[in-house]
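In case you want the letters, here they are:
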Amino acid sequence: MDHILSLIVFFPAVAGLLGFMVNKDSARAYGISVSAIEFLLCLVLWIGFDGSNAGYQFVEYSPLIPSIGMSYYLGVDGISLFLALLTSFITMIALISLSIEKDVKNLIISVLFLEMTMVGVFLILDVILFYAFWELSLVPMLYIIGAWGSAQRLYAAVKFFLYTFAGSVLMLVGILYMAFLYHDATGVWSFALPDWYLLQIPFDTQLWLFGAFFLAFAIKVPMFPFHTWLPYAHGQAPTIGSIILAAVLLKMGSYGFVRFSLPLFPDAAVYFLYPIAIIAIIMVIYAAMVAYAQEDMKQVIAYSSISHMGIVVLGTFAMNAEGITGSIFLMLSHGIVSGALFMLVGVIYDRRHTKLMKDFGGLASVMPGFATVYGIMLMASVGLPLSIGFVGEFLSLAGFYKVSWIMTLLAGTGIILGAIYMLTLYKKSFFGEVTHEENKGLKDLNGKELTALVPLVALVVILGVYPKPILTTIDMSVKKMLVLMEKKAIDPNTSKFIINVNSIGGTK
Amino acid sequence: MITLTHYLVLTGILFSIGLVGVMRRTNLLMLFFSTEILLNAVNVGFVAVSKYYGDLSGQMFSFFIIAVAASEVAVGLGLLILWYKRNGSIDLNSLQMMKG
Amino acid sequence: MYEIIAFYIFSALTIGMFTIVVLSKNALYAMSALAGGMIFISGFFFILGAEFLGVVQITVYSGAVMALYAFGMMFFDTTRDVKENIKNKKIAYTLSILSAILILAILCAPFFSGAIQANYPSLQNTGNIQMIGLVLFTKYLVPFELAAIMLLVAMIAGIVLASKKMDLEEEMSEECDVVKEVK
Amino acid sequence: MEKFVYIALFAPLLSSLLVALFAARPKMLFTGILASALIGLSMVASFVLLIDVNANGALHVKMMDWIDAGNLHVPFGFVVDQVSVIMMVTVTLVSTIVHIYSIGYMDHDKSFNRFFSYLSAFVFSMMILVMSDNFVGLFIGWEGVGLCSWLLIGFWYHKHSASWAANEAFIMNRIADLGMLMGLFLIYWQIGSFQYDIVFAAVKSMDITIVTTIGTFLFIGAMGKSAQFPLHTWLADAMEGPTPVSALIHAATMVTAGVYLVIRCGELYTLIPHIGFAIASLGAFVAVFAASMALVNNDLKRIIAYSTLSQLGYMFVAAGLGAYWIALFHLMTHAFFKSLLFLGAGNVMHAMHDELNIKKMGGLYGSMKATAILMSVASVALAGIYPFAGFFSKDKILEVAFNHGAYYLWFALFIGAGMTAFYSFRLVMLVFFGEKEHPKYGIHPHEAQPFVIYALMPLGLLAIIAGFFEHSFEGFVTRLLSHYEVHLSHGTEWALIAGTSAIAISGIAFAIYMYSRGGFSKSLENRACYKLLINQYFIPKLYAMYIMRPFTVLSHFIWQKIDVKIVDATVDMIAKIVYGTGTKTRQMQNGNLSDMLRWMIVGMVVLLALAIFYRPMV
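Protein chains in written order, with my numbering: chain A, 5 to 512; chain B, 2 to 101; chain C, 17 to 199; chain D, 12 to 629.
Do not take every clue at face value.
[As the list claims (entries may be wrong)] Listed below are the simulated DSSO-like cross-link pairs for lysine-lysine, each with C-alpha atoms no more than 30 Å apart in a straight line: (1) A:Lys447 with A:Lys431; (2) A:Lys431 with D:Lys552; (3) A:Lys447 with A:Lys362; (4) D:Lys572 with A:Lys362; (5) A:Lys447 with D:Lys38; (6) D:Lys533 with D:Lys552; (7) D:Lys371 with D:Lys533; (8) D:Lys170 with A:Lys362; (9) A:Lys452 with D:Lys121; (10) B:Lys86 with C:Lys41; (11) A:Lys472 with D:Lys73; (12) D:Lys38 with A:Lys431; (13) D:Lys371 with D:Lys121; (14) A:Lys500 with D:Lys215; (15) A:Lys432 with D:Lys38; (16) D:Lys38 with A:Lys444.
[Unchecked claim] Footprint (simulated), chain D over chain A, 3 or more residues, beta carbon under 8 Å: (17) 389-400; (18) 405-418; (19) 463-474.
Simulated from the structure, these hints should not be mistaken for lab results. The beta carbon of each residue, even a glycine, is placed where N, CA and C say it ideally should be.
If we strip away everything but chain A, and leave its shape as in the complex, we get (with noise of 0.2 Å):
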């Protein structure tokens, strides 16, 4: 166990490697066991997670050079554990659906160095290495969209990559800038997360930095306005890479707000807090405006998933453990909801080589199997009470409450968009009458697709019924960050806010 994380970071992209060796026709099967197998160490990681130490977890400490205090350092904490389970389960599943027989082996083996650098981002705690497993994962991606999507597949793969590329730059001169704070006051250089938590920076420099870090975090989210690059992301890839897309990647950008942005700049973020709420509603409202206008379903559940970020970015800036912990519980779920939308949809243009929703209408009646799970995960989707999408939301919704309740009850109009986009996309694709000749001898699921969705399925009910092992994880690790940015918060006021949205009563 004692290098699991590194196991569990390096294995896919080995196996990738060996990959190139393995016969064409097999590489599906290959693909699918690799991951399997990632999944496995990821569930053994958990299970050897002691739940009751708050603190990172199996850490691996190595200096790389240490003159500049670059080290190789993982470490695993309830914050990034279950985002690399997710990332390894989306990953296994998102391989078990695929239908794509042009270069197999290929896409498989982008899509197993894809995973191992979004596993990286999770675990790894040395900064400049994070940095460079968060600008790796655009190559892989960048090929999966290039190679294997449709008509206009460059023209959105080299915007999602530049888009992307552009907002992390500024993040390199933060993180550089960083060091040198932490040089000037120790003495030291070092690049190691753990260290710079530690470090009080003050509060001017800290509005700078948040600001570095807060744009490539922002088009990573992608908080508005720098969502455009994701529906032409998710337009163009294929059936995969939308679920990784949006199931994985898009949660980096969530993750590095509560693992950089909160405890690095704390007095920066209550600072920031009502703008970067503001725009978390716009994004909400704005999103679920934009998906209710759409004709196509995929870009329907592309913007769907910029509205249910918005809530996650919401619940991230509440500060306050119901918040957070719900916030990150809603990238789990949105992971598996939206993989599991974006994978259903691939279902169906599989069959029909369109996602246009006016080619469809009476699905119900044809394919009453998919028009089931489909159910299923838009009940999630809106966040249903006993499904997976309504503990992260009722938690993010309920914590920024504590901040704002106008706020909150502007954000929470999302869960009546959602509502509306959803069902009109369902009246629209599966009510109704078959009235195109092509529907009428469509095959309900089979057994691959199924044995993909099930464990989705599975998942969405499980977890809505009982998230608690998943949530009292999560919650002990973002109450000692809590702990921490009020401790280390130059301004006395920002620890007096922290406080105050961490305790009942005193609210309008």
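Guided by the hints, dock chains B, C and D onto chain A, whose structure is given.
Chains B, C and D alone, transformed into the frame defined by chain A:
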């Protein structure tokens, strides 16, 4: 009293003359002449600085510049001859192969 | 006093010579003027107490380089006036003057000149050439050797290039022409 | 006793899941029987619990933890006390009958199995709603019944109107749910718990403005579920669902959830009588408002739906004025006779081949005696004639309004009672008596299967006798709910009863008189007020025009104009600027050495300028 400034002004003037040549001339040979002027102008500057600050590094630089200039002339003229053999002209405007 | 007179005379001469080089239409005049200008430059070196460099300047530039140019010129048959088609003279002059002013500003600005410190102050009791020898073969030994190699390479390159047979290229270009005609 | 709690709660879930296994298969009779049996089991367990609660008091069960984050702890906990057990009994009783009835009603439907799965799921959600011991648990049921309502209204999803109505119902409920959610958040941040007992203990010592806010937010939630104005339009449209659904969900149980919530939070609302009065006023308004729409409507089910709406208004009056046990009592009796009315209407629909226009019926008494009698009984009960169930509960509500000094409310309710009597008997007359219209449309009505009629018998019986349990009911429920003291003299009370009965009877008499003589003249239909009523005060059209259409237009505008043309175009423009600069500056590379040298010198000049003007370290 001649100060360093005098020399530097002179250097500036000479260098500008060289620049005028570089920009004005389209005959390649003349262009070479202009570059020689540039190099010499810099040499004067170096030596002057070397003198007024009592540091021999300036002279050393001049020395190497002269060496470089000599090599440049050798190689440059060789190329020029080659070009002339091929095109019958050493006018700059005949050299448009690098048009992007 | 003599220094002042010498400086102004040489300055005037050098500027004059170089102006001729830049502006003259006749290549021969230009070359002659350049050779003269080189010699006057060496005059500055002597004034500045850099006798060694002065001598090198005369021998290398006025001797070797100018001789090379002269040979080149014979080859190109540039006794006729050079026909040049010069565009945008104003830009050229403006840029030159601008750069001159900027260079002066930089060189004369006190913040810059004040920051210079002598690394290898010349010793008063030793001669210039002796000093140069000392510095050249200690501190600058490697660059010196490299310069030597560079000169060697340049010499060989010059010989090879100048004596290269152009037959192959000519044949190729002829072929190209044939192809073009066929088209 | 715990096991009975679990049986009552999970038998419906089990039924739903078991039947769901066969959902995609063609009709299988046993699914219906299985579902009915399991719901029946749940009913039996509920009755056992009723007896137990009566003997031993409330029962509290904590199953497991659900959400646990920060200071927020929500368990799956259930409380079976006097209020919830009454609800449980009502819900399971009506559900069982509706299930049995549906075996007959859905006989020819190809999605027979699916129907039972949904129906049982609904019962499960409703049970969670009433049994939960905390607000979030209530919210689970709250949303769960919303989901099942969506599924069941849109059960015949191939009909555009059905799926539209389903979506409308769900979305309107969501709007209200947001209000409720806000109430929950406020409760949490004030008190730190969602448990009823803790919350109600804490509100007593809280700032009154905050209690008011909580009360308002919660009532907004109740308004959606109970279809109070202005969120009422979905209920009439929800009649697109199969009739048993209308009977169970949109008459007896789900729509009364709002009333249940107010009753459940009685301790909170007693602290804020002004909000209570507002609730009562809204209730009285809806009682008249909905009844007026029922007066002219020709759609069999919509009439009953508006009647439901109107009766919900009555319940809110009682609940708002603090007479919680009366509200609960009316809720229960209403569940019996209204579901009976709906199920009878279902029989008529079947007989008429899904024809809903009552103008096209008439004289059905000849072929459907049993149904006619049952529906008449239900109508009489609805109208509030002694000794039927409606008399006892409704009369009490009027009494409460009068007692409270809210004479306007009383008068509204009084008028409403007259209207109720009129439209109920208009329906009965037009459907069962009068001239036979249906042969013109080639329909030959027939009575429903006998077991369906037998299944309705208990409801008929309850509609007649439920009122006599008034005093034992009061005694039982007021152990938990507050008493309501009526300070009226006996004379006034009798006068009120007489007055109400008089207006009800005259309403009935008027209806019988008019419709036995062929109804009103056609010319009435051109009157403005008739138009207003038949178009439901133009409210649905208003919503379509001023909410839905602008929303759609705005959404398209945001997408096509703002998102594509502004936000995305800005990004693309930045890219184009970069790209364009590249294309433009490429011309610098024209291959002319002279030009390149010039550019070089320009670069040098720039660098020199930088060297002068930019000095970071000085």
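Hint check:
1. A:Lys447 with A:Lys431: holds, 20 Å
2. A:Lys431 with D:Lys552: holds, 21 Å
3. A:Lys447 with A:Lys362: With a Cα-Cα distance of about 19 Å, the restraint between Lys447 of chain A and Lys362 of chain A holds, given a limit of 30 Å.
4. D:Lys572 with A:Lys362: Given that 30 Å is the threshold and the Cα spacing comes to 22 Å, the pair holds.
5. A:Lys447 with D:Lys38: holds, 22 Å
6. D:Lys533 with D:Lys552: holds, 25 Å
7. D:Lys371 with D:Lys533: holds, 15 Å
8. D:Lys170 with A:Lys362: holds, 17 Å
9. A:Lys452 with D:Lys121: Since the Cα atoms of Lys452 of chain A and Lys121 of chain D sit roughly 28 Å apart, the hinted pair holds (cutoff 30 Å).
10. B:Lys86 with C:Lys41: Answer holds: Lys86 of chain B to Lys41 of chain C is near 23 Å, not above 30 Å.
11. A:Lys472 with D:Lys73: holds, 15 Å
12. D:Lys38 with A:Lys431: At roughly 25 Å apart (the allowed maximum being 30 Å), Lys431 of chain A and Lys38 of chain D satisfy the hint.
13. D:Lys371 with D:Lys121: holds, 28 Å
14. A:Lys500 with D:Lys215: Holds: Lys500 of chain A and Lys215 of chain D sit about 29 Å apart, inside 30 Å.
15. A:Lys432 with D:Lys38: holds, 27 Å
16. D:Lys38 with A:Lys444: holds, 22 Å
17. 389-400: holds (count 6)
18. 405-418: It holds: at least three residues are needed, and the region 405-418 of chain A offers 7 whose Cβ sits within less than 8 Å of chain D.
19. 463-474: holds (count 4)
Violation of the numbered hints given earlier is absent; every hint is satisfied by the structure.
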